[in-house]
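**Q** Here's the letter readout for the chains.
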Amino acid sequence: MDRLDMLEAQSIYILREAYKSFGKLGMLWSIGKDSTVMLWLAKKAFFGHCPFPFIHIDTTYKIPEMIRFRDKIAKEYNLDLIVYTNWDAINNGMGPEKGRLVCCKALKTDALQHVIDKYKFEGLIVGVRRDEEGSRSKERIFSERNKESEWNYTNQPPELWDQFKTDFPKGNHIRVHPILNWTELDIWEYIKRENIPVVDLYFAKNGKRYRSLGCAQCTGQIDSNASTVDEIIEELKHTNINERAGRAQDKEDAYAMQKLRKDGYM
Amino acid sequence: MLKFRETLKIVVVGHVDHGKSTVIGRLLYDTKSLPEGAIEKVKRISKETGKPFEYAYLLDAFEEEQKQGITIDTTQIQFHTKKRDYVIIDAPGHVEFLKNMISGAANAEAALLVIDANEGVREQSKRHGYILSLLGIKKVYVLVNKMDLIDYSEEKFLDVKSDMDTFLKSINVFPQKYIPVSAFHGENIALRSEKMPWYKGDTVLDALDIFEKDKDIIDKPLRLPIQDVYKFDNRRIIAGRIESGVLNVGDEIVIYPSKRASKVKSIEYWQEKDKATKVEAGMSVGITLFDEFFYKRGEFITRKDDEAPLVGDTFKANIFWMGEKRLTINKRYKLKLVTQETECEIASINKVIDASTLFSNDDAKEVNTNEVAEVVIKTKDKICFDEFRNNHVTGRFVIVDGYDISGGGIINGLEILDVANKFVKGNIELPITCFDEYYYLIPYNEIKKVAVERKSYKIGDKLPINGDTYYYPDNFDVIDLNNELSALIRDGKLVDLINLNDYKYEGYPVYSSDGFLARVKNQDDFINFKNDFKESKYDLVDFANKWYDPLANKRIVYKAV
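The listed protein sequences derive, respectively, from chains A and B. Take the first sequence: its letters are residues 1 to 266, numbered as in the working numbering. Take the second sequence: its letters are residues 1 to 561, numbered as in the working numbering.
Here chain A stands alone, though its shape is the one from the complex:
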């Protein structure tokens, strides 16, 4: 088994543990490369089936290609798709101009909380990776959130030998992170190996491409001529620029992501 085989086997094991452990389970699908790989892994884990709903938190500020790609894949894979938007906040004028962290909190964290409350999810599968940023690097694979979705990151219980946290008080939920140990390069090499369809925005046009996807206003493109999966892999092998360098909310202050994620952000 090579590195990708081992990562794939562990992710499948985690997805199956989640499916066995939680009565109400859902998978967050952001349309980006990571959660699209995760969707593929779920199809593998369950032999072509997707036995739980997929959730897209739509801020209404997403890049239009993302929404088109979402609807196309959902139809092809016959997904049980929940799309949720925090319309109350939008109708009250919420947007990045109110402050990036305030906007992320309202349109992503709060929206997610509404979905959890509405569907009573006990387990939520989320495609975060350790190498994305600091607070994610310290995550557990099964990571508990309280009723308000808060993360007590200073006192996480031990997690060892692929034995995960499956006991918790009613009302809390577990964030399941099947691709926590993958790197950005692993994701692209796996996309190549498996021939997984991803949204076009990642491929360079006129010397620019998206490396990480988010809302249109807060996500910048990088200078790149990588217009195929192979070229992206080659580019990543030689870059020393941070993957999330184009994501504006990370730079709001030194501990922005830690603060957002403590309150329930993905």
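These are computed hints drawn from the structure, not numbers from a lab. Please note: incorrect hints may appear among the correct ones.
Calculated lysine-lysine pairs in the DSS-like style (CA-CA distance at most 30 Å, straight line) [said to hold, decoys possible]:
id	chain 1	residue 1	chain 2	residue 2
1	A	Lys-208	B	Lys-43
2	A	Lys-237	B	Lys-334
3	A	Lys-259	A	Lys-170
4	A	Lys-170	B	Lys-378
5	A	Lys-120	B	Lys-334
Go by the hints and put chain B onto chain A.
**A** This is chain B only, laid out in the frame that chain A set:
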């Protein structure tokens, strides 16, 4: 074409402030594995907080960690050499965060143990060494760090090496190398140090590439613990990860503990390219069998020709306890061993070991946070397992206390428990439970008879005649009608153990071996008592109700577990 890339997971452990994070930061820096943003971020934070730049900050992501200068949680981070990829796990050195250290170290295949040359071997250096031994990590290098603080002295290096080597050997850890380094100045990390010409060995980076990955897990007997059974379509697929060995289509298999036999019909797949007739250790697979009897999560699929797993409900184990509450006997815990889950109790605590001094306490009644203990565990249901030395994955388990994983353990073997305490004289033994306690357990709301210790009492030994829930007079006799033995207790001591035929009633109260007062007031009563027992062998309830007063010397006490 993608090249085959091997990954080795290494953990960096050691006492707080001995420089683990600095070693990692330096390795990343020297191998140019740091993204641009990372260095900028650390520089920005250093500026904001007015502290000098530290490599350690690269790993300490949380505000608290950077402020306090200690790693709270583990971080996994990668770097590459020409030979392969590395995942380095940074484990906190502070004793308060031992559970995080263990969470990180449990995933590692090799370890770097960092010791401050100036401070020498400290408490956590030893404790972490011991935990590596418990986790079965045999590939260990010791880095003697901060050599700059002791003028790169060979003598001091040899002192630290000798100290640590003595300790590690005593716990069966045999480091393959001791490397003198200064992580902050980059000496002997990626580049050979010119300041230590006396050191002829490898740099850390070169030494890492020498570690060989374990490959023997495929050669072990097949262990496929069932994770789940799917019936999404007309196939009934058994899903699970192969923990050891190999499996082929057509193999004859046996499922434990039920020992039902069948044959592998197919290995299932979604993508055509994943079609296979043979699967091996490490893979998450789905199979179908020719016989569709009832199989469930937790059961082990093994090959008929492979060695069978152990099956039992009582086993000896070494555990390390990370729970906030102490580990005690009588309390119900959940045990998880691969995909098996069952209720368990600690049947006995044989000894508690201080992991940093190796001092062992044979009389301990409970295990505190961060202690290591040898225990006997009794599970409610029979489970399948292997001894840890034969198979790491199926020989280890975790214990859940309440909602949290609170302990990890490795199995040393099946155990046949001594059911009771004993009176012993020569080769005569009288099993007794008369010193067991009767507790009303909260929150279970049940009365439970509990052996507080398991002991043999010899002639002349002082007996525990007053317990929490029972009291005996200084002088009494214990009669065991089944084994036809009697014990004489005088002044609270065991004075003799004799055949029942030689026993004469002497006016002292008579108790059964389980501590019930017999309604015997004279020798005639005693003869009737004995004869009644012989005649009533098949109706012991009537006999017991007639002859014993179960509450005469007892009370029930509430106990929280």
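**Q** Next, verify each hint and record whether it holds.
**A** Status of the hints after comparison with the structure:
no.: 1; hint: A/Lys-208 with B/Lys-43; in the structure: holds, 28 Å
no.: 2; hint: A/Lys-237 with B/Lys-334; in the structure: violated, 45 Å
no.: 3; hint: A/Lys-259 with A/Lys-170; in the structure: holds, 25 Å
no.: 4; hint: A/Lys-170 with B/Lys-378; in the structure: holds, 29 Å
no.: 5; hint: A/Lys-120 with B/Lys-334; in the structure: holds, 26 Å
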